[in-house]
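**Q** Each protein sequence line maps, in turn, to chains V and D.
Once you know that position 385 of the first sequence is 385 in this note's numbering, the rest is easy, because the numbers rise by one and skip nothing.
Take any residue in the second sequence, count from 1 to its spot, add 436: that is its number in this note's numbering.
Derived from the structure by calculation, the hints contain no laboratory data.
We put the CB at the ideal spot given by N, CA and C, even for glycine.
Below, a sample of chain V positions facing chain D; criterion: calculated Cβ distance under 8 angstroms:
#1 Asn69
#2 Gly78
#3 Gly99
#4 Pro243
#5 Asn247
#6 Glu389
#7 Ser392
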Amino acid sequence: MKKILILTLLFLLVSFGAAAADYYPEYSGEPTTITMWAWTSNENYSIDEFEKVYPNIKVKWENISDYYNKAQTALSAGTGLPDVIMIEYSYAPQFMSIGAFQPINNWLDKDTFVELYGEDALGWCAMDDNIYGTPQDSGAMALFYRKDIFDKYNLTVPTNREDYVSEIKKLKKAAPELDFVRPPIGYSMWWIGQIWQAGGKLFDYKDGNWYIDFTNPTAEEVFDFWGKLLDEGTIDLQMYWNPDWYNSLNNGRTAVVELGSWFAEWLKYNATDSEGKWRIALPAQWNKGKQHNSMIGGSGFYVSTQSANPEAAALFVNWLNSHPDSLTQLHNKSNLPVLVSNRFGEVIDQVSGPDKFFGGQNIGQKLWESHKLVNTTFITLPIMSNVDESLSSLLQDYADGKIEKFSDILPMWQESVIGTMQEFGYNNLIIDQLPE
Amino acid sequence: MNRRKIKTSIKAYIFLAPFLILFIAMVVYPIFLGAKLSLYGMRGARTWYVGLDNYIRIFQDPKFWSSFKIPLFLLLIQVPLMLFIATIFAILFERMSKRGGAIYRFIYYLPYTIPGIVSGIVWSYIFSDSMSPFRPLLDLLGYSGLKIMTRQNLPLLLLFIILWAFTGYTAFIIYSSLLSIPRELTEAAQLDGASFWQTAFKIKIPLLKDVILTLFIFNAIGSIQVFNEPWMLQNLVVLPNNYTPAMYIYNSAFSSGRFTYAAAMGIILAIITFLISLYFLKTASRQMLN
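Hey, can you work out the whole structure from these sequences and the hints?
**A** Set out below in structure tokens:
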């Protein structure tokens, strides 16, 4: 008996050691320095931890933003890309399909990836079984609401879309000068996020083919839902990320915003006047009984095709985005509320606590909960800037009264997207159909 | 003799060198590079030779040609209007005492010193729905629901912003040329009984023709290449990616990654600008000869 116990213990110990070693293999190359572009703040704390474990790899981090144009240019020029580059998940396939990244399967195989980041994350970091990077923060959608407005007008936080509509109407009646919610003009990630949160999608990629179907029942349900409210004038659209919008968040004109978990940090720094008034809830569900969530934003770290040392870069991106020591730093120092890696579960209790800006709510736990509801995924089209541009233009036409019925936008959007895909030479299209 | 000539030209080139080197490196070389790039197709890091395909596609691309609506509007309305207002300002500047007028010249010149991108941000606040300083006035007049910034109003707002930015500067240049007009001419006219405005319109403005023509050409080029102002106002209203030719070129290159197509459009835009300038120069010099 004793022998068995010892043997079992020994086995557990060995297998645990082996598993841990498998996650983070040793670096076999010469001492090297790799470069990285990322717009998050304070990545250096994680880098310091990494360099302690891998003394032969130094990481030079450039904290810049708005570098997609720069990256496109550097890629076309054949030189100038860093070893590691941070890209939003929805834009990653665009960069993958034009050959901006190189596969890192040699140092991070599929099984380990899935174990560390979950199956869904493959949709954001891999294509055709090539893994190009690792996911960092989660953009899981959450419902941000003003508790002061909810209290004053006796509103309840809606858990499903039916209640959502009745709360919209209740506020409209009680305080017509306030907005319960205003969907964005443009910002396709938001609209795609709504459909995704309902368990659907507009497009996908499988076995060498791009699937496009904007008029599937789930997408139509979501557009009909918002369309009804917009067409009858109960709510209005609004441009996000401009002075009017910032103002409405600061002065309490808007009661609800549905955005990714990163928005919690954004609010803290950009709506300082509203401290203590916001709270976070899980997004209102579309189907009773089924729980889904989507991501609006969130970014991964990918190894560029111009990296001369993909091994070092691969070891770094994996350690950075999954090792508990790094995740702790990313949460505490880089203001990323929720990290995608499953190993974030090992540190969440330790790093999360009451948040003053959110009136003492433990938002870390709430956002982690909303992240765990993300249970479907897909691969975005390789022309996301055009997908975005086209929807923006159509929504502006709707706002200007040139399009009368909101739900007419979906087929027009699809037509424009298909046109651009063909223009860019993607002839492997399967239209009006999505993969199983 | 010959030696001296060589010596002076060497001296001349030494003085010219800083300009020439920068001009070649920053203007001539990129144009050649752009022209070369425009003969290729591109997807990501992959390029392949396509000859004149990009140019043929541009001629068939309605989005490129319809992007000239805004520049044409500016060229035909804003530029003449601005030159007219600037000339009136310049004449008024000249009428004021040199010292007393200085403060006005300074104030009117100021907007020109503010970079377009910076003023774009300020204007986007001024035209915003909730923070516009015009809001209380509009509310008072009963237009509380009126949106200032719509796609429909944008050309007029652009016209207003560009007038604001460049009229003072233009007036300043015209004013400087006014100063160089010999006093005898205007004095003679006044002795003959011409009024102030008669002297201005019959004597001074005809003498300023050259300057006004040059200013017209510069501003025509500016309106064909207009970019900063609409770009910044995109914060408030969604604009099509081909709102102006320069925006279409920028968006094609950077948001769609079609660098070579954008390079070809850039070359065509340069040719169009060149032809327009040439046309005005030619007609003007013909008129002067007559």
